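Asker: Protein chains in written order, with the working numbering: chain Z, 1 to 392; chain L, 1 to 329; chain R, 1 to 579.
Rather than coming from a laboratory, the hints here were simulated on the basis of the structure.
On a predicted model such as this, the values are computed, not experimentally measured, just so you know.
Check the hints yourself; a few may be wrong.
As the list claims (entries may be wrong) - Restricting the straight-line Cα-Cα distance to at most 30 angstroms, the calculated cross-link-like pairs of lysine-lysine (DSSO-like) are: (1) Lys251/Z with Lys233/Z; (2) Lys173/L with Lys263/L; (3) Lys263/R with Lys491/R; (4) Lys94/L with Lys199/L; (5) Lys199/L with Lys532/R; (6) Lys94/L with Lys172/L; (7) Lys532/R with Lys101/L; (8) Lys40/Z with Lys173/L.
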Amino acid sequence: MRAAFEGSQAIARAVARCRPQVVAAYPITPQTHIVEGIAKLVADGEADCEVVSVESEFAAASVVLGAAVAGSRAYTATASQGVLLMAEVLYNIAGMRVPLVLTCANRAVSAPINIWNDHQDAMAVRDAGWIQLFCTDNQEAVDTTIQAFRITQETELPVMVCVDGFILTHLFEPVDLPSQEQIDMFLPPYRFSRTLDPRRPLTLGTLVGPEHYTEVRAQLHGDLEAAAEAILKADADWADLVGRRAGGLIKSDGPHTARIGVLTLGSVYGTLQEAARELVPDTPLRLMALRCFRPFPAEALRAAVDGLTDLVVLERAIGPGMGGILATEVRAALAGLRDAPRVHGAVAGLGGRDIPLDILPRLLALADAAEPVRCSVIDLQKMPPARLGADR
Amino acid sequence: MSKTTVLDLRELRRRQPRFTGMDPGHRACQGCGQSLAAHIVTEAAGPDVIVANATGCLEVFSTPWPQTAWRVPWIHSLFENAAALAAGIETALKQQGRPTKMLAFAGDGGTFDIGFQTLSGMIERGHNVLYVCFDNEAYMNTGVQRSSSTPHAAATTTSPAGRMRPGKRHLKKDLLAIIAAHHLPYAATATVAYPGDIKAKVRRAMAIEGPTFLMIHAPCPLGWVHAPELTIKVARAGVETGLTPIVELERGKLVSVLPIREKRPVTDYLRLQGRFRHLLGDDPVAVQEREHLQALADHNIETYGLLAREGDVRDSVTAALVRRGGAIR
Amino acid sequence: MNGYDPASLARAAAALPGSSLDYEVGSWRELRPVHDHRPAPCHIHCPAGEDAQAYIQKVQEGDLEGAWATIAAFNPLPAVTGRICPHPCEEGCNRGRFDEPLNIHAIERFLGDMANARGWRLEMPPLAEEAPEVAIVGAGPAGLAAAWHLRRAGVKPVLFDRYPLAGGLLRTAIPLYRLPRQVLDGELERLFDAGITFRGQMKLGRDLFLNELEQEYAAVVLAVGLQKPRPWSVDGAAPGDLRYGLALLEEWIDVGAAPLEGKIVVVHGGGNTAVDVARMAIRAGAREVHLVTTRALPGAADAIGPEDHMQAFPREVQQAIEEGVVVHPHTTPARLIIRGARLKAVELAAIRAFKDERGRTKRVTFEGTERVIEADVVIPATGEIVDHEGIEMLPRWRDYLASDRFGRIEGRPGLFTAGDASGRGGSVSAAVGDGRRAAMAVLLHLHRIAALPEEDAEAVSVEALQLYYFDHAPRQEPPLRPVAERIRDEKEIEPGLDAAALEREVQRCFSCGNCLACDNCWNLCPDFAVLKTEEPTEDGSCYVFDYDFCKGCGLCAAECPTAFIRMVDEPTPAFGGAG
């Protein structure tokens, strides 16, 4: 059914059609519309689900963890501070290998407090052991959400679906909402291999000492890397079912002959596509969106940059003291590759700063530099230096 | 020991005429009150339960992977989320129509302090969970640091007794009053000195649909500095001095107490434990703090009406009586 | 794997139930708990060797016949001893330091009566054709006990007594109001049913001769009791019609009358015979009865020690006083005032005991304390001695036959002595115990046992108990018949317990030093290292320690109400391997 939805409502409906049994969440902008939507669907009898309105994101994550180990498909959503408040539980969920889906309505992290979009929240928990999938539009958000439930079940790795706050969550656009039948066909019933059940008692969350801890953590790493297969397979199967992909591991657009590429995360991919059409229609350019940030698809990335001399990485987060987080990882992934492109780092769109179409020429200009640009924070002139000085 | 004896005991263990939710082989210290309390609670709760356990001694000593002492389904996630975890499991059970009862276990640190918020949320939302706090009055797992449950004037590693300070400066948090303010169906205190009372309260709580709370006073020989065999005697002295009121609340209202038949001075409790050793001398500070603790005990006795009256059928003596063929039902 | 995929468990570090059993925390232990059945004080205090705790336990378990059999294994006369023994077991009872001692004698009596009523019998080994025969002279409690224990060991006892009926002083000297004779007859019937032969009217030195007995029998036990009154006078003076107390008592029991009606009677003596005589005088219609004794009243604080108390049983003295006997403690007859051959009055004087520098007791009469009481009759009851007729050649110790505590007579292998004649009597239970020990010595002599029983261990003290686990409960004690009623007839004055009172009373037993089966150790072990067994184990308890998991914390021992669990040093493991 193709119709215009607010992104959050589309996601809420997709979640509801995945038949979660327990949803728990705590209000935080810009996530709230998603859970409100689910609550309304439950209230209207369109979903059979327990919605637990908890006292914190920390509790929300704990509640869905509990629900999942008790054998219920569970879901939560959050953003920003909520992600950080959940952080301890997120690590715990992944370490215990519990299947869960979380929508992160990506938002900046305080301080200064800021409710608008960037990716700092997701980046802050990149090492928690979760699969992290970034969506470039709301169709992908819907499709990825549905796929996430299947991926998490197959891999016993929790999946964080990253959707740009406001930019996607509050955007009305036409979305094809898969039917209940399609989703039921795609998504097997939830079954957890270590469900807590008095008929088959089991102890979860043990104390693991130095003699075993490394093995358990190494297995998490190995399994997370291997999860790329499940992610690709889910996308392929989804394409077989509904006739469209949600981006695999990396989405790429542009001619094979392109020598310059731009890699980004999330909805800015759409901006770049439009800018390329509008502003530099004649420049061969390869645009790429990294859908799968965790596991980091190094091999797919190496293939995707084949033939490029320069790769500009545009990201909406910053690792203070280091620079672009994605750029750093891309450099690491390409290190040692024969004929690897030069990697230029660019940071933009922090805290909801608009990324205008004309960012693209400025990004391309970075490729002209004699040396690779480590980290260029684009568009720094908005706040007058005098004000800065006065505040000092 | 011969092989046959080993096998016979293993077989005998399987045939014990009671349900045990825990096995031996756990690494609790000798005389651990918490491990005793946990096994009493799980015995009374029976097999059709799931336990969500906060980080703490109980979790650490019972689950050194690849081993576990638990015979019931059990999960540990974090220090401060036992209540939320239990709430999540309970929600799932309810959603699935499974009648299994949910238990949450935590220490006083995980209850009074770091896990307090999730506990409050769990009770407020009415989850059908029996939350059991094993109160040993300090952060024992990390090496005896003071918690908000540590009694006034007790020495811990972060409230040491010295020339200038006689142990913890602050009072033990009146958690029960805060819990009571949630107007939950049932809240009670108990102590390892009265296993039968614990079992009765667990069963009572299990029979209630909705959030219930049981706080069990559980001496820690290591942290309280007493010989391991004194665990029961210390706990009992806590009751008989009035420092450990054993009460039951329904919807926040006091409905019953374990009356003290013969009130003992608080020094009977203090002198058993090294954590109060600095209070036993004749120096003015020790004398004053002793009097303070006595006043706190007297206040408990007055507030809860703990002194036995004529006609009480059950009191601090009868609750522990034994007879041939077993006393604890 | 409980149906779980091992890979699934490993990836999440999940664990399966039962796995901690692989980790034997018993290796931490420095002390280990052990079951340590130490005797209860009631047991140690029983001269007959009865383990009251053990038989009370059987009653608690509802096994009345087993309870009786537990007694009968030591004492064939529980219905008798339950009535007339002064029950030192109750003095020892730790419950006496808590509220009131258990009414042990009433429990014993209940069981003895029930055994007689129901005809309970102890299983006996068959008597072999060639079973040795042992002669026992004297069918009083010591002789009867010796015969019983010999019979139980497959030896054939032959009892001789100078009286036509067995029972000794139980029949001849114990007042009927204390011991109805059908009770005694019931006990004797069981003994004779068991194959114990009795030959009455056989008096040593007249009908029986020691050398012949020694030749005919594999062993001889002399349990002849004390038959002759100690000669009595006051400074050489005595009324011409003087009758000794024991003879009067025997006559009264035998014919039912004593010539004391309307008389003022002075009884001299502080033992049981004196008290029985005084009470007989009351019943025979005496106008006044005075009991004069150089000793203190039982338990009185002005005694210099236990040996200064009247030897009569406290409860008998108490009952005598209730019945009107005037007791004059620490008093001695200083002079008899006789006119012609007739007694007119007795002069009494205060007398006190002192210890001399060598620790011996000496008694001093205080000049100036003399007073005179009118009296028609003075009856001495200052003790009896062995009638040495027929055994004059045997070694003596004071007035008794000299022997060791097992009744063995030096230089006379095969000859034994037991009971009052050995100086180790004093109560029916003491005689029963002495008879048992003599039987053991006989069995050793006959090579039927390898060794004599060990000395009794130390009893469990009240301090070792966890009294916290017991609540106060009143001693079940049916009231005595009222004085006015009981002195008018010969019926028993002390009633027994009914079944309900028995049930209440046995529940009061602390079970000192033995397992109460209270489950405390089972419930309070933080390590589940106490396991309950379906059947009692060798130590009589229903629990075993699983040392694989016991950390030795000592909680079980600290909370064992009865001190049955003790912590001992962990044995040092022996090193194996190369050596």
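Asker: Decide, hint by hint, whether the structure agrees.
Answerer: Hint by hint, here is what the structure shows:
no.	hint	result
1	Lys251/Z with Lys233/Z	holds, 15 angstroms
2	Lys173/L with Lys263/L	holds, 23 angstroms
3	Lys263/R with Lys491/R	holds, 24 angstroms
4	Lys94/L with Lys199/L	holds, 25 angstroms
5	Lys199/L with Lys532/R	holds, 19 angstroms
6	Lys94/L with Lys172/L	violated, 36 angstroms
7	Lys532/R with Lys101/L	holds, 28 angstroms
8	Lys40/Z with Lys173/L	violated, 40 angstroms
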